[in-house]
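2 protein chains.
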Amino acid sequence: MSIKIFGHQNPDTDTITSAIVLAELESKLGRDAKAYRLGEVNKETAYALKYFNVDAPERLDSVTEEDTVMLVDHNEFQQSAPGIEAATILAVIDHHRVANFETNAPLYFRAEPVGCTATVLYKIFNENNVEVTRELAGLMLSAIISDTLLLKSPTTTDQDEKTLYQLAEIADINLELYGLEMLKAGASTSDKTAEELINGDAKTFEMGERSVRIAQVNVVDVDELFERKDELVEVITKEIDANKYDLFTLVVTNILESNSKVLALGEHHGVIEKAFDVALEDNAAILKGVVSRKKQVVPNIEKAFASLYE
Amino acid sequence: MSIKIFGHQNPDTDTITSAIVLAELESKLGRDAKAYRLGEVNKETAYALKYFNVDAPERLDSVTEEDTVMLVDHNEFQQSAPGIEAATILAVIDHHRVANFETNAPLYFRAEPVGCTATVLYKIFNENNVEVTRELAGLMLSAIISDTLLLKSPTTTDQDEKTLYQLAEIADINLELYGLEMLKAGASTSDKTAEELINGDAKTFEMGERSVRIAQVNVVDVDELFERKDELVEVITKEIDANKYDLFTLVVTNILESNSKVLALGEHHGVIEKAFDVALEDNAAILKGVVSRKKQVVPNIEKAFASLYE
Chain A
198 MSIKIFGHQN PDTDTITSAI VLAELESKLG RDAKAYRLGE VNKETAYALK
248 YFNVDAPERL DSVTEEDTVM LVDHNEFQQS APGIEAATIL AVIDHHRVAN
298 FETNAPLYFR AEPVGCTATV LYKIFNENNV EVTRELAGLM LSAIISDTLL
348 LKSPTTTDQD EKTLYQLAEI ADINLELYGL EMLKAGASTS DKTAEELING
398 DAKTFEMGER SVRIAQVNVV DVDELFERKD ELVEVITKEI DANKYDLFTL
448 VVTNILESNS KVLALGEHHG VIEKAFDVAL EDNAAILKGV VSRKKQVVPN
498 IEKAFASLYE
Chain B
198 MSIKIFGHQN PDTDTITSAI VLAELESKLG RDAKAYRLGE VNKETAYALK
248 YFNVDAPERL DSVTEEDTVM LVDHNEFQQS APGIEAATIL AVIDHHRVAN
298 FETNAPLYFR AEPVGCTATV LYKIFNENNV EVTRELAGLM LSAIISDTLL
348 LKSPTTTDQD EKTLYQLAEI ADINLELYGL EMLKAGASTS DKTAEELING
398 DAKTFEMGER SVRIAQVNVV DVDELFERKD ELVEVITKEI DANKYDLFTL
448 VVTNILESNS KVLALGEHHG VIEKAFDVAL EDNAAILKGV VSRKKQVVPN
498 IEKAFASLYE
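Read top to bottom, the protein sequences are chains A and B. One gets our numbering by counting positions in the first sequence from 1 and adding 197 to each. One gets our numbering by counting positions in the second sequence from 1 and adding 197 to each.
For reference, chain A alone in the conformation it holds in the complex:
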């Protein structure tokens, strides 16, 4: 039986491509290995696979004690295939913290504090003197673009950057052009309903006596989303009525420019002006440098409420 290689649940581009790339490496080193995926291929990954003419891996639902496996882009068991505790784990290639992981026997465990699994895999290709083909380079550079948002994420390391440029040369590709198209394919909101957009990643916060709902959508094209503003306002207004929110804030974050545009509705929407020192125009405003709900949006609104009403 082949060695099964897979990344984490809710797969992203790094997880899918790293499974394919490692299976290819193992095959070249003489091992019978096959890549799998634990969930649906997202649009960004689909774009990359299609561009480099590579098939998506087969779906895998669980593993058993009969299975010999290698994990990429994760190590924590709760993020892995159901049954992983019983399987024989031969190798892990990762770039996350190590936790909730255990084996009975020694294994090859290679995690490095870099921005992307592909950056580690590229090293391993070189260490084993295995040629990186154009397709493999394309898959690995897609993973790095995805995980580092074209080198703009604060998780990016010098190694990721250096590796990305080397891979771009092998793949003979214009990084900016390809990368932007790939990220756009993934961040496209055109196929989502307004309800999906405002509920996909939304949390409610109790601030004093006010109930504040804050939804966030990551995009590469803010305007594309705001063209549907009337539709969004309609569903948000329904949400406010149904749940008695005092404020509903939709934060549309441009992942490439590290800015957000906010749409604020509800009785207390005006608090946004105080919170971010901006003027709302038709209930909307640009929030320069704001990308984090947890570290920026929530505390700023909380402070503004406190100073205005208490």
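Because the hints were derived from the structure by calculation, they are not lab data. No experiment lies behind these values; they were computed from the predicted model shown. Hints are all accurate, no fakes.
Listed next, the in silico BS3-like pairs over lysine-lysine satisfying Cα-Cα at most 25 Å (straight line):
| id | chain 1 | residue 1 | chain 2 | residue 2 |
| --- | --- | --- | --- | --- |
| 1 | B | 225 | A | 320 |
| 2 | B | 320 | A | 359 |
| 3 | A | 359 | B | 225 |
| 4 | B | 320 | A | 225 |
| 5 | A | 320 | B | 359 |
| 6 | B | 320 | A | 320 |
Computed Cβ-Cβ distance ranges for the label pairs, DEER-style:
| id | chain 1 | residue 1 | chain 2 | residue 2 | range |
| --- | --- | --- | --- | --- | --- |
| 7 | B | 297 | A | 491 | 29 to 39 Å |
| 8 | A | 324 | B | 297 | 20 to 30 Å |
| 9 | B | 302 | A | 420 | 34 to 44 Å |
| 10 | A | 324 | B | 400 | 36 to 46 Å |
Facing chain A, according to a computed beta carbon distance under 10 Å, are these residues of chain B, among others:
| id | residue |
| --- | --- |
| 11 | 301 |
| 12 | 302 |
| 13 | 308 |
| 14 | 324 |
Glycine included, C-beta positions come from ideal geometry on N, C-alpha and C.
Start from chain A and add chain B according to the hints.
Same frame as chain A, but now just chain B:
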């Protein structure tokens, strides 16, 4: 504060030398790092350090949340420094299973299924193009000799063997001569009392109605130990009288030749002849190919008792 680098508790040669070697590598890569040890340096390790003129690391009793550390030759927290859960772990270089280990942040975690940590460290030197000096080569080859018993242990891999020969060339040393002397220094029994020898690693087994004590001592020179046979017989006889053992078996295992010589005393000492198909001479016999108490000595004696008396 320097990065603290250390191996496991009850340190052996691989653990001590790997801490020193990694601290040297980190220093050469521009990091402020220092090697430590969690316990006493054993005689084998002391021999290696003296031979290559390297000081033993300072002792470390515990770490705190203030500490930034790197672990070598282990990863399980219960084998590490007290307080390890709170420390910031930057790196792990190891060759054991992964278990009971957890970090909050990504780290450099490099474990490989080879016979010795030094084999992994030598790779990392090469990957970073850092020169391996004669002293460092000497420390690393000492670790490989120790962990693989001069390549004779079943845990030895091709990589350990290849690395050992490369290091021997750098250190300009006769592997067989040096290795045997180093292993002898560690397996020397001359500094131990007869009581220490028969109690150091001894277990009692109930076999039917008989009480059987089986002690094991690992050596590189069986004769050295058997020169003290009269002294050993005296203390074993006292043990038998005090504890009413039906059989006391001292298994002296030559770790280089994978043989043992047994000394059998007590009313039922004759069962050893049946158990191993040997003739006892002055209560002693060579047991060819016998090295494991758990897998060879215990079951054979158990079977012999069963067929003779039940």
